[in-house]
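Chains U and Z, in that order, give the protein sequences. Under our numbering, the first residue of the first sequence carries the number 32, and numbering increases by one thereafter. Under our numbering, the first residue of the second sequence carries the number 3, and numbering increases by one thereafter.
Keep in mind that the hints were calculated from the coordinates and are not lab data. Here the structure is a predicted model, which means the values were calculated and not measured. Ideal Cβ placement from N, Cα and C applies to all residues, glycine included. Hints may contain errors.
[Claimed, not checked] With a straight-line Cα cutoff of 16 angstroms, these simulated EDC-like cross-link-like pairs (lysine to aspartate or glutamate) come out: (1) Z:K130 - U:D942; (2) Z:K69 - U:E895; (3) Z:K65 - U:D870; (4) U:K481 - U:E497; (5) U:K752 - U:D432; (6) Z:K67 - U:D870; (7) U:K481 - U:E501; (8) U:K337 - U:E728; (9) U:K454 - U:E501; (10) U:K700 - U:E589; (11) U:K337 - U:E271; (12) U:K309 - U:E260; (13) U:K479 - U:E447; (14) U:K185 - Z:E32; (15) U:K596 - U:E199; (16) Z:K5 - U:E854; (17) U:K838 - U:D870; (18) Z:K65 - U:E895; (19) Z:K72 - U:E629; (20) U:K620 - U:E684; (21) U:K620 - U:D735; (22) U:K774 - U:E960; (23) U:K394 - Z:E32; (24) U:K481 - U:D525; (25) U:K328 - U:D542; (26) U:K479 - U:D523; (27) U:K348 - U:D275.
[Unchecked claim] Computed list of chain U residues with no C-beta within reach of chain Z, every gap over 10 angstroms: (28) G50; (29) E88; (30) Q179; (31) M255; (32) T346; (33) E642; (34) I663; (35) M733; (36) L967; (37) L979.
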Amino acid sequence: MRLDKRRLILILLAVSIFGIGNLLAQEQDRVDTNVVGDFQVTDVPADDGTGLILSWEPLPREKRIIEYRIYRGISPDQLFFLESIQVNPKSGVASDRMYYYDNSYTEISDPSFPAKMKLEKDQAEDGILYGRPPRDFRFTATLVDKFQMISLSKRNDFYFKSQKVLREHEPEEGPSDSWAGLKANQQTIVAGLIPGMTYYYTVLAVDERQNYLPYAEVSSGVPMPNAPEAAPALYSVLMEDTQDLRFEWEYPIYKGALAAYTILRLPALSEAEWQNLKQDPEAVQVAAEEMAHGRVKRGILPNYTKVEVGDEIGTYKDARFAIRLTDVYGSSSLSSLSTPRIMNSDALPPQIQFQVEDKPNDKGDRLTVVWDHPIVFISKTTALKSDYTKIRVNYQLNQTDNQRVDTIWFEFFDPETDASIAKIKEFYQDNSVVLKLPEDYDYKKGLKVKINLEGLGVGLNPIPPEYTIEQMLGYDPAMMALLPEKAIYRNDLDVSKIYNVVYRKYRNSPDWNMVMRNTSYDNSLDVPVPYPSMSQKLVYGFSYPQGDSLYFYFNNGERFVRARKNSDRSAPVSLMSHEVDFTWDNANKVMITTSLFEDEAQRMYDEAVAETEAAIASLEEQKTQLTAAEQIAAIDAEIAEYQAFLNAYTQNEKLQQMLKMQDNRNRVKAVIKAADQVERAQTYMVVKTDRKGLFVETYPEMTDGEYIYHTPVSNWFDSNKWVTLIATLLFVAIVVVFVQLAKRGKDLYIRPIAGLQEIDNAIGRATEMGRPMLYCMGNGSISDVATIASMGILSLVARKAAEYDTKLIVPCYDYIIMPIAQEIVREAHYAVGRPDTFDRNNVFYLTNVQFAYVAGVNGIMIRERMATNFFMGYFAAEALLMTETGNAVGAVQIAGTDAVTQIPFFITTCDYTLIGEELYAASAYLNREPMLLGTLKAQDYFKFIIILVVVVGAVLSSFELTGLTLLMPEK
Amino acid sequence: MKKTIPLLIVIIGGLIWVAWAFSPHYVLQEVFYNQFYLPWVYAMSSFAMLLGVLSLTMMHSAKIKRKAPKWQFSWFFFASFIATCLAGFIGGTQKGGLFMWMFENVQMPMSATMFSLLAFYMASAAYKAFRARSPEATVLLIAAIVVMLAQVPLGVKISKHLPTISQWILDVPNLASKRGIMLGVGLGSVATSLKILLGIERSYLGGGD
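Using the sequences and the hints, build the whole thing.
As structure tokens, then:
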């Protein structure tokens, strides 16, 4: 077939169509296969209406995805980056679907966010995906009614940098709403979803090459408040002897909106009947009798209650109980039925005496709640001999910082015969003992271990001799070891299923909030009481100036504009309440609040007093018209409440002093101090419970009818460091003595150090050869002692080099050390009268990247053909690379370091090496200055003292005298 | 005066740090360290960085000016310095940008190359160290052979006691000498700190006196 022009065109056309078609298909394929599959947005079930669940099918592992990026917006055409989920590109995602819960507060404005709106990478001009929302309150203001916003700022910024923003500016316009305003760069604003609002989402994958793959189709969701989940469990116990009913329950996973509980008494229904009855609320109302109710506060209040039933106790034996949980929206749910266990009070966990201790040696941010003596339990065992005649038993000792255990006695018994096999005295607690079993003992029977302690326990009282902990060690064939069983007996009572729940209460709240539920393996809990450093405030809106106007956007959707005045600030601000907690008036039990701003504080005070006086007057008037004693008593109670409030405001000395302060900064400081005192004072309660209705509460101690509140104390001295301090002072004393001796001319012998003696020869060699020297100070920073010691040697080397007019090159690893090194070399040149030979460019900063530094130094060595190399300071892996190169160019090398791992490399590759402390001694050795020699000598003598202490400590420990060992600080 | 004021600063600063080491109080740990010292360090280190950059620039420009040996390489410094700066300032330092690309594809491989050379240098150093020229070197050689053999399966094949012996060498003679050095280092550093604190050691101030 002849290939004429027409046919050629046809062929080319066909090829073109095929090629373009292929390309289009590939592109379509790329779009289809690189988009995550089945992207869905659904409401979080049983929550408070502030959460949505995003889910999608992840891309296959071959796509080498490194992250999935999630975008959110309030309209489908503008979505901002919300969060990314990192993925291992090698393993991919194992599950079929990926989930992201958007149910917590996420940042919507932060000082690190871009100032302007920025399209996301790989987005077209008309793209819908953007990076982080801009840090511009003009933009954030448009979202204020679409999200619940909270401002997080440094507390000092909020208290001292907030500016007052007034809705109506002119005083003649009447009283005006006012807020505390903070600028965008002074705070982070976090946003949470609002129930009933529509939110739009999409997700895209990013591959290993940083390609942003096409995003999934935008999908929307509306978070809705749902009825709460039913309590997973309700336990009821009928105590026959004390004639009360005890209830304990568990909360569902989503408990953020739970507000109240109600315990219902029901007739003896079957579970099936109850499930039917539950469907009809009215029928439940008729059938059920309310036994108890109370607040829940998102599940942090106590999850138990006790009801006294008196002589009617018999009628409750056949009753059934259920708990109704109600959320803040009024929706509720009912649990399954609970049949009461009938018991007596001897089944209750033992009552405890707990103590609250200040944690010693801290900055004042921890308290310790202690409810038991120190606890020791076996954690594991390891056979040291294959016939199990020698076993290492590891144990754990839990004690507070104040408690002290001197001796632990472990006694091992045959569990079948109860015969004692071995008794071990552990006089030094290193968390393991070695047990020797008789050769004929069948280890598969297991072991019973009884543990006794000697020392100081709760309240620093001696641990009673009867305090015993028992455990069983059973043989586990799979692990081929004797392992502790779950039960742990404390004074013959199995406490493995008893929990110690710690609750906390602040002065200004009647609530006991749960801190932590602890197992009986712990005898105490460290409760953090941090110093407040952040301020968290609800954002009511935003305000920003534009032209001659000042715009206000509020979270209720209201927008407002007024003329801008000269005194208005020019930066956009978020609007928060300027009201802050001030102090707790203990006499009247009132929390007094005030304002950040002086005039507002006075206004708040005046208004509080005036309104309370008016309320009292009105109630007094109502009282005159009442005749019924009951009503009068009720109104008297109300008046007393108002009167207490009034007294708190008018008679509180702190408040009066604060209001009189002239300087607002000092006034705010006083407010912060008083508020801190309230916030950091706490009292605790410990509840011992089996989590199934058997609980015993232990309330804190009281004085004058009030709980004792504890505030952690900031300690000035760390008592663990007494020995360190004494040792340091002793060392100082020895130094002073030897310095004085040296000053008086006593000849102090210092052993010769070859590396230092050879420095002169090494410099001389470089001079003779007419080649330069290199001085390397390692990769330590200015805070390393080795670097400082190196500077001393540099000074001496530089002086000799200047004297002999030999070029000295000092490449620096640290840019802070560089100017100091330059100064040292310059001074050396001046000192020997050769300032003209000083070249600043010979002492320079190279890099602070480890191997780049090696490359630089090696390059210099080879180019300049060094005659002498000094390596003095702290070195890591680069040491060998540099010294081997130096060796190759034939340089004389003297090294010194305190890095133990590098010393062998220096020894093998350098001509002379200063080992460890010899580096520090170099300056004294070379200078021969009496003062420095004195310290060197003192060092030697102190070393002798240390060796003496080590030997004495070892000998004493061998005789079970561990006092000296325990005196030594552990770190 | 030129030395007295810096010396005073060092002594006062040193005493504050001594107090910081012994006292856990809020004023020292939080107010001084977290609220005062750390922000100052961050602020100062960026200025010191500027000094470093200036030093490098001066050194390389002097080299080019003087046509010092291999002066052409100094142009590479300027070229790479400018390229890295531009990439960082314009494109940002986040993943996916040119800056990070250069870091991952230029600097990292080069660093890895330098690091991998260590293996060869180590072999050469080991050869030097293990030559049995003296009784001490022979002990070192034997100890090294035992420890190295115990690290590989072949060692266990030769003798099941080899790992135990190796562990003993590491735990007893090796650790003892290591601790001896560390004890000296610890004391030496305390002594040096003390010398600085008491104004006995002044070499770091430049010059000798």
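Evaluated hints:
| no. | hint | in the structure |
| --- | --- | --- |
| 1 | Z:K130 - U:D942 | holds (12 angstroms) |
| 2 | Z:K69 - U:E895 | holds (15 angstroms) |
| 3 | Z:K65 - U:D870 | holds (12 angstroms) |
| 4 | U:K481 - U:E497 | holds (11 angstroms) |
| 5 | U:K752 - U:D432 | holds (14 angstroms) |
| 6 | Z:K67 - U:D870 | holds (15 angstroms) |
| 7 | U:K481 - U:E501 | holds (5 angstroms) |
| 8 | U:K337 - U:E728 | holds (11 angstroms) |
| 9 | U:K454 - U:E501 | holds (14 angstroms) |
| 10 | U:K700 - U:E589 | violated (35 angstroms) |
| 11 | U:K337 - U:E271 | holds (13 angstroms) |
| 12 | U:K309 - U:E260 | holds (14 angstroms) |
| 13 | U:K479 - U:E447 | holds (9 angstroms) |
| 14 | U:K185 - Z:E32 | holds (14 angstroms) |
| 15 | U:K596 - U:E199 | holds (11 angstroms) |
| 16 | Z:K5 - U:E854 | holds (13 angstroms) |
| 17 | U:K838 - U:D870 | holds (9 angstroms) |
| 18 | Z:K65 - U:E895 | holds (13 angstroms) |
| 19 | Z:K72 - U:E629 | violated (70 angstroms) |
| 20 | U:K620 - U:E684 | holds (15 angstroms) |
| 21 | U:K620 - U:D735 | holds (15 angstroms) |
| 22 | U:K774 - U:E960 | holds (9 angstroms) |
| 23 | U:K394 - Z:E32 | holds (8 angstroms) |
| 24 | U:K481 - U:D525 | holds (13 angstroms) |
| 25 | U:K328 - U:D542 | holds (9 angstroms) |
| 26 | U:K479 - U:D523 | holds (13 angstroms) |
| 27 | U:K348 - U:D275 | holds (11 angstroms) |
| 28 | G50 | holds (31 angstroms) |
| 29 | E88 | holds (25 angstroms) |
| 30 | Q179 | holds (30 angstroms) |
| 31 | M255 | holds (37 angstroms) |
| 32 | T346 | holds (59 angstroms) |
| 33 | E642 | holds (39 angstroms) |
| 34 | I663 | holds (53 angstroms) |
| 35 | M733 | holds (29 angstroms) |
| 36 | L967 | violated (8 angstroms) |
| 37 | L979 | holds (13 angstroms) |
Figure legend: structure checked against the earlier numbered hints; hints not met, in rising order: 10, 19 and 36.
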